[in-house]
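Novice: Sequence:
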Amino acid sequence: MAMRVQQNSGSSTSVMELELDSVYMSTALPKQDTTNEFSVHGPSRQASMKNDSGYVPEQDRSPLPPPSIASEVLQRWNYPRKNIPRLAACFWSFVVMGSTDAAYGPLIPYIQVHYNLTYTVVSLIFLSPFVGYTAAAFLNNPIHLKLGQRGVAFICSVFHLLSYIIIALHPPYPVLVIAFMLAGFGNGIADAAWNAWIGNMARANELLGFLHGLYGAGAVLSPLIATTMITKSNLPWYAFYYLMIGMAVLEITVSVSCFWTATGSEYRESLSKHSDSSRGSLKEALFKMPAARVTWLCSLFLLGYVGLEVALGGWIVEFMIQVRQGEPFASGMTATGFWLGLTIGRVVLGFVTPKIGEKRAIMIYLPVTMGLELLFWLVPQFIVSAVAVGLQGFFIGPLFPAAIVAVSKLLPRHLHVGAIGFAAAFGGSGAAVLPFAVGAIAQAKGVQVLQPIILALLGVILIFWCGLPRIGKKKE
Numbered sequence: 062m063a064m065r066v067q068q069n070s071g072s073s074t075s076v077m078e079l080e081l082d083s084v085y086m087s088t089a090l091p092k093q094d095t096t097n098e099f100s101v102h103g104p105s106r107q108a109s110m111k112n113d114s115g116y117v118p119e120q121d122r123s124p125l126p127p128p129s130i131a132s133e134v135l136q137r138w139n140y141p142r143k144n145i146p147r148l149a150a151c152f153w154s155f156v157v158m159g160s161t162d163a164a165y166g167p168l169i170p171y172i173q174v175h176y177n178l179t180y181t182v183v184s185l186i187f188l189s190p191f192v193g194y195t196a197a198a199f200l201n202n203p204i205h206l207k208l209g210q211r212g213v214a215f216i217c218s219v220f221h222l223l224s225y226i227i228i229a230l231h232p233p234y235p236v237l238v239i240a241f242m243l244a245g246f247g248n249g250i251a252d253a254a255w256n257a258w259i260g261n262m263a264r265a266n267e268l269l270g271f272l273h274g275l276y277g278a279g280a281v282l283s284p285l286i287a288t289t290m291i292t293k294s295n296l297p298w299y300a301f302y303y304l305m306i307g308m309a310v311l312e313i314t315v316s317v318s319c320f321w322t323a324t325g326s327e328y329r330e331s332l333s334k335h336s337d338s339s340r341g342s343l344k345e346a347l348f349k350m351p352a353a354r355v356t357w358l359c360s361l362f363l364l365g366y367v368g369l370e371v372a373l374g375g376w377i378v379e380f381m382i383q384v385r386q387g388e389p390f391a392s393g394m395t396a397t398g399f400w401l402g403l404t405i406g407r408v409v410l411g412f413v414t415p416k417i418g419e420k421r422a423i424m425i426y427l428p429v430t431m432g433l434e435l436l437f438w439l440v441p442q443f444i445v446s447a448v449a450v451g452l453q454g455f456f457i458g459p460l461f462p463a464a465i466v467a468v469s470k471l472l473p474r475h476l477h478v479g480a481i482g483f484a485a486a487f488g489g490s491g492a493a494v495l496p497f498a499v500g501a502i503a504q505a506k507g508v509q510v511l512q513p514i515i516l517a518l519l520g521v522i523l524i525f526w527c528g529l530p531r532i533g534k535k536k537e
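Final position of the sequence shown in the numbering used here is 537; the numbers increase by one with none missing.
Don't take each hint at face value.
Restraint ranges, calculated between C-beta atoms of paired labels, are given here [claimed, not checked]:
no.: 1; residue 1: N139; residue 2: P232; range: 26 to 34 Å
no.: 2; residue 1: V174; residue 2: E327; range: 44 to 52 Å
no.: 3; residue 1: N177; residue 2: R142; range: 48 to 56 Å
no.: 4; residue 1: P441; residue 2: P389; range: 18 to 26 Å
no.: 5; residue 1: Q504; residue 2: P203; range: 21 to 29 Å
no.: 6; residue 1: P233; residue 2: T292; range: 24 to 32 Å
no.: 7; residue 1: Y234; residue 2: I313; range: 23 to 31 Å
Below, computed lysine to any residue pairings styled on SDA-like, alpha-carbon distance capped at 20 Å [claimed, not checked]:
no.: 8; residue 1: K293; residue 2: V174
no.: 9; residue 1: K143; residue 2: A323
no.: 10; residue 1: K506; residue 2: L516
no.: 11; residue 1: K207; residue 2: V384
no.: 12; residue 1: K143; residue 2: E327
no.: 13; residue 1: K349; residue 2: F199
no.: 14; residue 1: K470; residue 2: K143
no.: 15; residue 1: K207; residue 2: K416
no.: 16; residue 1: K470; residue 2: Q136
no.: 17; residue 1: K420; residue 2: L361
no.: 18; residue 1: K416; residue 2: C527
no.: 19; residue 1: K349; residue 2: R531
no.: 20; residue 1: K207; residue 2: E330
no.: 21; residue 1: K470; residue 2: I382
no.: 22; residue 1: K506; residue 2: V384
no.: 23; residue 1: K207; residue 2: G325
no.: 24; residue 1: K420; residue 2: G528
no.: 25; residue 1: K143; residue 2: W153
These are computed hints drawn from the structure, not numbers from a lab. The structure displayed is predicted, hence computed values, not measured ones. Backbone N, C-alpha and C fix where the C-beta goes; we use that ideal spot for every residue, glycine too.
Work out the full structure: start from the sequences and follow the hints.
Specialist: Listed below in structure tokens is the structure:
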């Protein structure tokens, strides 16, 4: 590096130190600014490396930034290029998951008749995935570390396929319950992994809105197809799972091929660039403050949200038949309307939520949904109930994506896979526990208990959401 050394030996040291300090300060730019210069202007970084004499040090002449700086640039849906097919694979996986979760509603009356079951016993098909989701909550981080996203893609799709094959064979009811456990584990692993990955991208709100919108799309088509197959084509209830087998085969092919190079070593290497505590991320996220506060509040929020979503979507058909005296096909279409509203809400409100802020937006959406739930409960008209439940789906649609974005903004990056993975999988267990609870209560009190339970859950998750810290803007 260039420096002036005067003949006077007494002053040469101070002049040299000043010059060294000048060069050092010119290179020690803030990480955020340097990243932006690289991502927008590329080689203009050299200009900031010059000292007063215009000389660029030889070791700093490369137009590429140091690895620690380059790693701060957020990935986008189309950068690097391999993200495009990978994102498409995640989208398809969520279509499969939505189809799985929403099939319970229209199939419950027919499963109940086929096996001659009570409400409580038939509700075990809701409770059984809890085992799978719980296992996924704790195994997600180890699977990432050992097998990477390739392992996630393979495991979740294989468990989906295996469960659908078992269900399609309509085995004795206890075996059917085990099959739904396998489906829950596949859902939990995919839910945790793909939410964490996309939640770290630029414009995460919009991308997660599309991701969960496609979950909703699968949930819209699933009751429609299942109801049509049963009521119009006179097919047995398990015939629907022949279609699900084909969807799972496509999921294996697409997911594994797209994430084939995403190995465990690649994941560990990428994580080490952001933190030295990569292997302790789940423990830190769950038991070390202040991260534990965010992780547990979001996990409980998602537990209640997913539970009320699946309970409402799962029991609405039975409710409309028994309480609103609807025809079987029209009642099945009510579930389709709910999931359609949820899908549209996730896509449309996914663009609204980041503009007004995640915390404020959800504090608006939830009271509106509670008002619609009161309308659904207190006005005993089939049409009013069908419209109200569709609008509820619209306003609760963005809740899951907003919670994932909140975790990614409130926690450091090395905790994201552990915290988001745990919150998503733990929340997914709500799809098992709360619908089962509704079924057990309905056995004793009647299916009309659905309304007060849903209203109470909406109030509880609003309290959890208010307990989160203030959510600032995500540094990209």
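Novice: Need the list of violated hint numbers for this structure, in ascending order.
Specialist: Per hint list: 1, 5, 11, 14, 15 and 21 violated.
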